[in-house]
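Novice: FYI, in UniProt numbering the residues of the sequence shown are 1 to 204.
Read the hints as simulated data drawn from the structure, not as lab findings.
Below, a list of computed lysine to any residue pairs in the SDA-like style, where the Cα atoms sit at most 20 angstroms apart:
1) Lys133 x Tyr101
2) Lys120 x Leu185
3) Lys134 x Leu185
FRET-style restraints, in silico, Cβ to Cβ:
4) Gly11 x Thr52: 34 to 40 angstroms
5) Asp172 x Ser47: 26 to 32 angstroms
6) Glu154 x Thr175: 20 to 26 angstroms
7) Asn97 x Gly11: 28 to 34 angstroms
8) Ser70 x Pro10: 31 to 37 angstroms
9) Asp172 x Lys132: 35 to 41 angstroms
10) Asn73 x Pro50: 42 to 48 angstroms
11) Ala179 x Ser70: 20 to 26 angstroms
12) Gly27 x Gly161: 32 to 38 angstroms
13) Asp18 x Ile54: 35 to 41 angstroms
14) Pro10 x Asn97: 31 to 37 angstroms
15) Arg131 x Arg72: 19 to 25 angstroms
16) Lys132 x Asp86: 24 to 30 angstroms
What you are looking at is a predicted structure, and each value in this text was computed from that prediction instead of being measured.
In this text, a Cβ means the ideal position worked out from N, Cα and C, and glycines have one as well.
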Amino acid sequence: MQPVMNPKHPGLSVRVADDGFAAYIWGSDFSFDVSAYGTAQIGRPVSQWPVTPIVPYRKCYGIDPEEFGSFRNAPESEIFMAYLDDQPVGHLVVSTNWNGYAHIDELAVHAPARRHGVAKALLDVALFWSRKKKLPGIMLETQNNNLGACRLYERCGYVLGGIDHLRYRGIDRHTAEVALFWYRLFDDPLGMTISGSATPRLVP
Numbered sequence: 001m002q003p004v005m006n007p008k009h010p011g012l013s014v015r016v017a018d019d020g021f022a023a024y025i026w027g028s029d030f031s032f033d034v035s036a037y038g039t040a041q042i043g044r045p046v047s048q049w050p051v052t053p054i055v056p057y058r059k060c061y062g063i064d065p066e067e068f069g070s071f072r073n074a075p076e077s078e079i080f081m082a083y084l085d086d087q088p089v090g091h092l093v094v095s096t097n098w099n100g101y102a103h104i105d106e107l108a109v110h111a112p113a114r115r116h117g118v119a120k121a122l123l124d125v126a127l128f129w130s131r132k133k134k135l136p137g138i139m140l141e142t143q144n145n146n147l148g149a150c151r152l153y154e155r156c157g158y159v160l161g162g163i164d165h166l167r168y169r170g171i172d173r174h175t176a177e178v179a180l181f182w183y184r185l186f187d188d189p190l191g192m193t194i195s196g197s198a199t200p201r202l203v204p
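With these hints in hand, go ahead and build the complete structure from the sequences.
Specialist: Shown next as structure tokens:
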């Protein structure tokens with residue numbers, strides 16, 4: 001796949017991951033601030049969810065570059081890296097799930113590079129990859145303490161399809177963290193209005 005350029009951010013591009021993927025992972029900061037938990041409600045915009053403020057803390061995902069080693073250049077999966085002015089700043093791991101949807105296994109952006117359209121560019125590539133494989137849609141998981149991600153997915157045409165209050169209780173039985181499952185449905189089988197997303201422009 002040729003590099004995908006973002007016309008709104010000329011210095012931003014997305015490419016298939018190369019051998020520099022591991023070094024990029026170890027050298028990046030994927031943490032984010034948590035200051036509230038949202039009470040997710042299917043069918044209601046994120047802006048209308050009740051929110052419970054908490055004492056702020058910093059959440060950090062431990063990302064292992066070897067975990068998805070077999071996903072690179074595979075028939076049913078791929079890893080993409082985003083570059084801002086030729087510096088790696090984000091990545092996407094996408095695969096075909098058992099239910100036929102494309103599954104975003106991982107999407108992360110280096111903290112200093114956020115608010116430059118990186119996550120949106122990676123989601124556009126996931127859309128391009130999924131449509132090219134003629135899949136019916138895309139699914140992904142996030143949590144109710146990552147409200148910024150929820151708002152992004154909503155803006156990109158994803159709808160909340162499932163809420164799981166028990167998924168993380170095996171790690172911490174007192175956790176207030178709730179798993180949220182988002183879907184980008186191409187044929188809109190539930191009759192929901194889904195905003196379009198610009199097709200990425202391939203460049204030579």
